[in-house]
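Each chain, letter by letter, is given below.
Protein chains: 2
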Amino acid sequence: MLKDIIENNENYQPGLSIDCVIFGFHDNQLKVLLIKVDRNPKWSLPGGFIPIDQDIDTAAVTILNDRTGVDGIFLRQFATFGKVKRNDQHFDKKVLEYLEIEEAKGKWLMRRFVTIGYYALVDFLKTIPKPSSDREIVEWIDHKEVPELILDHKEILDKALNTLRTELNLMPIGYNLLPEKFTIPELQKLYETILDKKLDRRNFLRKITNIGILKKLDEKKSNVAHKAPNLYSFDKEKYDEVLKNGLNQGW
Amino acid sequence: MLKDIIENNENYQPGLSIDCVIFGFHDNQLKVLLIKVDRNPKWSLPGGFIPIDQDIDTAAVTILNDRTGVDGIFLRQFATFGKVKRNDQHFDKKVLEYLEIEEAKGKWLMRRFVTIGYYALVDFLKTIPKPSSDREIVEWIDHKEVPELILDHKEILDKALNTLRTELNLMPIGYNLLPEKFTIPELQKLYETILDKKLDRRNFLRKITNIGILKKLDEKKSNVAHKAPNLYSFDKEKYDEVLKNGLNQGW
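Here the protein sequences line up with chains W and E, keeping their order. Counting from 1, one number per residue, gives the positions in the first sequence under this note's numbering. Counting from 1, one number per residue, gives the positions in the second sequence under this note's numbering.
It is worth saying that the hints were derived from the structure and are not from the lab. Hints may contain errors.
Identical chains blur together in the list; that is why a pair holds if it fits in one copy or across any two.
Claimed, not checked - Derived DSS-like pairs (lysine-lysine); straight-line CA-CA distance at most 25 Å: (1) Lys154 with Lys42; (2) Lys244 with Lys198; (3) Lys83 with Lys159; (4) Lys238 with Lys159; (5) Lys159 with Lys244; (6) Lys244 with Lys197; (7) Lys154 with Lys227; (8) Lys236 with Lys197; (9) Lys198 with Lys85; (10) Lys244 with Lys154; (11) Lys83 with Lys244.
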């Protein structure tokens with residue numbers, strides 16, 4: 001892919017890239033989808049470049065789909081990163097040496113490029129990571145155990161996580177991260193994992209019920225020894241309404 | 001400035017610009033600082049390009065200061081705009097004809113450039129708009145009476161306003177928009193103007209007091225016939241603390 005961009009430099013928006021922070025929830029962990037190119041010791045966020053004939057939002061969807069197999073998901077732009085030194089020496093040394101690309105010299109790819117950060121919330125069980133070549137590994141990693149990342153990707157990831165925490169106060173988010181049917185304790189665990197703190201059970205129940213987006217199903221969780229908890233799903237219509245108008249009436 | 005960028009194309013980050021939405025509060029109006037270049041019938045947001053040796057955040061501060069005389073203010077990146085057609089034909093027709101710049105052809109400035117939006121909150125009375133040339137007019141305009149803007153600047157302005165409304169629920173904002181001393185009704189009016197709705201006086205008083213950022217002064221508003229209201233100022237230390245940790249304890 002990098003080779004294609006260097007050879008077809010003119011077909012891409014100069015000096016600009018996109019990086020995606022993809023969150024999934026599984027085993028009570030908030031996981032992040034990361035990529036590693038075989039000989040490079042560091043991991044990276046899935047990212048790519050922007051064809052000159054594509055809107056940036058479209059390019060983000062395409063990159064996400066091409067590099068991870070993830071499709072039709074909740075994707076939001078959250079910030080743009082452009083420190084002068086953000087990709088200093090990254091491409092001209094390590095990667096290019098590795099790719100043995102001589103002709104790259106002097107092209108925009110060799111200078112600073114600014115990157116637009118998007119974050120995605122996906123259903124872990126429906127997401128099958130798909131590497132774009134057999135030189136790549138794509139893996140879900142617990143956000144608390146993220147290894148060393150290239151460039152400023154750690155900063156991008158941290159900012160995405162902070163945005164997600166803030167947005168918990170502004171909109172519902174469970175629809176994209178939980179399976180179709182879930183229990184209240186499972187939903188609470190999702191919130192606790194994102195916020196990284198324990199929540200009071202009764203307060204949580206009251207608040208989440210007040211939002212009015214839950215549908216109690218006539219069904220109980222199976223495989224549970226006794227006192228099986230009730231299953232719920234989201235009332236999609238109301239959910240979308242709250243998503244549009246915001247959670248917090250605030251002032 | 002445009003001429004400089006075309007002649008020194010290599011010194012700027014290719015394909016990228018910055019636009020600033022500058023809000024001020026005066027006469028119970030939320031105003032926006034807009035620029036008009038004399039013969040162009042449309043107005044625009046103050047904006048500019050990014051020197052290759054500057055971080056984008058630094059470039060935003062510089063642009064804001066150079067084009068408006070505004071300094072040391074609350075400035076935040078809020079979104080990046082990159083539709084393919086966003087500056088279609090803008091520069092290659094109108095502006096270049098006007099500037100009579102032949103050599104611009106084929107440079108990145110002639111293609112789509114993506115723009116990073118920043119918004120600023122400033123004290124209206126301390127802000128003296130400063131045009132960067134005598135061909136420009138810089139003016140405060142009520143956000144409800146914004147004339148036709150170039151490119152997608154209306155979309156950028158709307159998005160900034162929406163961000164500001166959302167952030168009213170997340171952080172205090174009055175410090176940057178009000179004079180040092182103010183009355184509670186003045187503060188309430190600021191909130192009402194941004195949210196474009198009436199607020200209940202008692203609820204507002206209770207909520208704003210609970211945040212714990214106000215300092216009651218031993219001083220009353222002068223020039224008021226009778227029952228002069230008390231003056232307040234912000235407790236800057238507490239204000240900054242809330243700004244850092246967020247207004248809403250939420251979950």
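Evaluation of the provided hints:
{"no.": "1", "hint": "Lys154 with Lys42", "verdict": "within (11 Å within a copy, 42 Å between copies)"}
{"no.": "2", "hint": "Lys244 with Lys198", "verdict": "between (28 Å within a copy, 22 Å between copies)"}
{"no.": "3", "hint": "Lys83 with Lys159", "verdict": "both (15 Å within a copy, 24 Å between copies)"}
{"no.": "4", "hint": "Lys238 with Lys159", "verdict": "between (29 Å within a copy, 24 Å between copies)"}
{"no.": "5", "hint": "Lys159 with Lys244", "verdict": "both (23 Å within a copy, 14 Å between copies)"}
{"no.": "6", "hint": "Lys244 with Lys197", "verdict": "between (27 Å within a copy, 19 Å between copies)"}
{"no.": "7", "hint": "Lys154 with Lys227", "verdict": "neither (43 Å within a copy, 56 Å between copies)"}
{"no.": "8", "hint": "Lys236 with Lys197", "verdict": "neither (27 Å within a copy, 29 Å between copies)"}
{"no.": "9", "hint": "Lys198 with Lys85", "verdict": "neither (39 Å within a copy, 47 Å between copies)"}
{"no.": "10", "hint": "Lys244 with Lys154", "verdict": "between (30 Å within a copy, 21 Å between copies)"}
{"no.": "11", "hint": "Lys83 with Lys244", "verdict": "between (33 Å within a copy, 22 Å between copies)"}
Going through the hint list in order, the structure does not satisfy hints 7, 8, 9.
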